[in-house]
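Novice: Chain E is already provided as a structure; the job is to place chain B on it using the hints.
Number of protein chains: 2
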Amino acid sequence: MARIAIDMDEVVAELALKHLEYYNRDNEDQLSWSELQGKKLWEVAKSKEKVLEYFLDPGFFRDLQVMQDSQEVIQELQRHHEIFIATAAMEVPASFSAKYEWLKEHFPFIPDKNIVFCGDKSIIHADYLIDDNIRHFENFCGEGILFTAFHNIHIEGYKRVQNWKEVAELFLS
Amino acid sequence: MARIAIDMDEVVAELALKHLEYYNRDNEDQLSWSELQGKKLWEVAKSKEKVLEYFLDPGFFRDLQVMQDSQEVIQELQRHHEIFIATAAMEVPASFSAKYEWLKEHFPFIPDKNIVFCGDKSIIHADYLIDDNIRHFENFCGEGILFTAFHNIHIEGYKRVQNWKEVAELFLS
Numbered sequence: 660m661a662r663i664a665i666d667m668d669e670v671v672a673e674l675a676l677k678h679l680e681y682y683n684r685d686n687e688d689q690l691s692w693s694e695l696q697g698k699k700l701w702e703v704a705k706s707k708e709k710v711l712e713y714f715l716d717p718g719f720f721r722d723l724q725v726m727q728d729s730q731e732v733i734q735e736l737q738r739h740h741e742i743f744i745a746t747a748a749m750e751v752p753a754s755f756s757a758k759y760e761w762l763k764e765h766f767p768f769i770p771d772k773n774i775v776f777c778g779d780k781s782i783i784h785a786d787y788l789i790d791d792n793i794r795h796f797e798n799f800c801g802e803g804i805l806f807t808a809f810h811n812i813h814i815e816g817y818k819r820v821q822n823w824k825e826v827a828e829l830f831l832s
Numbered sequence: 660m661a662r663i664a665i666d667m668d669e670v671v672a673e674l675a676l677k678h679l680e681y682y683n684r685d686n687e688d689q690l691s692w693s694e695l696q697g698k699k700l701w702e703v704a705k706s707k708e709k710v711l712e713y714f715l716d717p718g719f720f721r722d723l724q725v726m727q728d729s730q731e732v733i734q735e736l737q738r739h740h741e742i743f744i745a746t747a748a749m750e751v752p753a754s755f756s757a758k759y760e761w762l763k764e765h766f767p768f769i770p771d772k773n774i775v776f777c778g779d780k781s782i783i784h785a786d787y788l789i790d791d792n793i794r795h796f797e798n799f800c801g802e803g804i805l806f807t808a809f810h811n812i813h814i815e816g817y818k819r820v821q822n823w824k825e826v827a828e829l830f831l832s
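Chains E and B are the protein sequences, given in the same order.
Under this note's numbering, the first residue of the first sequence is numbered 660, with each subsequent residue one higher.
Under this note's numbering, the first residue of the second sequence is numbered 660, with each subsequent residue one higher.
Rather than coming from a laboratory, the hints here were simulated on the basis of the structure.
Remember, it's a predicted structure, so these values are computed and weren't measured experimentally.
One or more of the hints may lead you astray.
Which copy? The list can't say, so a pair holds if one copy fits it or any two copies do.
[Stated by the list, open to error] Here are the simulated PhoX-like cross-link-like pairs (lysine-lysine), alpha carbons at most 25 Å apart as the crow flies:
#1 K772 with K699
#2 K705 with K677
#3 K772 with K698
#4 K818 with K698
#5 K818 with K705
The following block holds chain E by itself, in its conformation from the complex (with noise of 0.2 Å):
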């Protein structure tokens, strides 16, 4: 039995898509999906901060869409191994309730004591961290599996998975 941590925003909960509508949106603009790759959107927007702001209503972490299979797979995994959600919502101190609310609602089989909000996820003590971001990965204890998104589709050096169907590959065969 390993201890698995989970990230949300883009592993189990999908951000992106309703990020980047959002910013077309309101600003006027065109971004496509396709530039998107490779990069992250307030690198390719008008301006950073139109594209921050959204992350200041508490509302917007609400109504997120659940990662394809992620419900499905994070419950078979639960059977073999100890799983832990573990999310760098210090950065969005706005966002807590909406986070909570929304793993309550789409992952009610998580128990609340295995749900982490932090900021620096160095302090998190796990075997695995499944995570988009690769700067989580830096001085945590565990290994890091890089799940991939739109902004890291050219990173290399980590353990790398597509999407669920390939984590539930990865610790479930």
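Specialist: Chain B only, in chain E's frame:
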């Protein structure tokens, strides 16, 4: 340099005195501080429910007194060690914002990235955990330091600090 994780309630935030005062006021009871020694409030109160209902009110956590000397000592500790606040906030999801705002007010020198809201503290990767509840030490990877509180005075078998001056002696001398 060590990494030291520090609990909030009864360690940097004085919760018990307010809790007893509110409980007595609202339930026409006259429990005294001396009756509480070695016990939890819900063990001696008329009903556990009445004791726990305060935790459902977010405001309850917002105006707690700061534990004596904790601010000065933690600021000094930061010069020599890596300091994290680790609170089992998931036990009281309504408390997220109040606890965060309280920390920002009284401990503005602790960066967001060093704040952790968790449930099971075995997820904390640190060398030391200063806490008033020994249950958090059970599966903790480092050493637990028991911070004296009314309810734990009879517990033995752990390194104990009576107050923040003793924390300073332990980690700064």
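Novice: Are the hints correct? Go through all of them and say.
Specialist: Quick rundown of the hints versus the structure:
no.	hint	result
1	K772 with K699	between (32 Å within a copy, 21 Å between copies)
2	K705 with K677	within (17 Å within a copy, 50 Å between copies)
3	K772 with K698	between (34 Å within a copy, 24 Å between copies)
4	K818 with K698	within (20 Å within a copy, 49 Å between copies)
5	K818 with K705	neither (33 Å within a copy, 56 Å between copies)
Consistency with the previously given hints fails for number 5 only.
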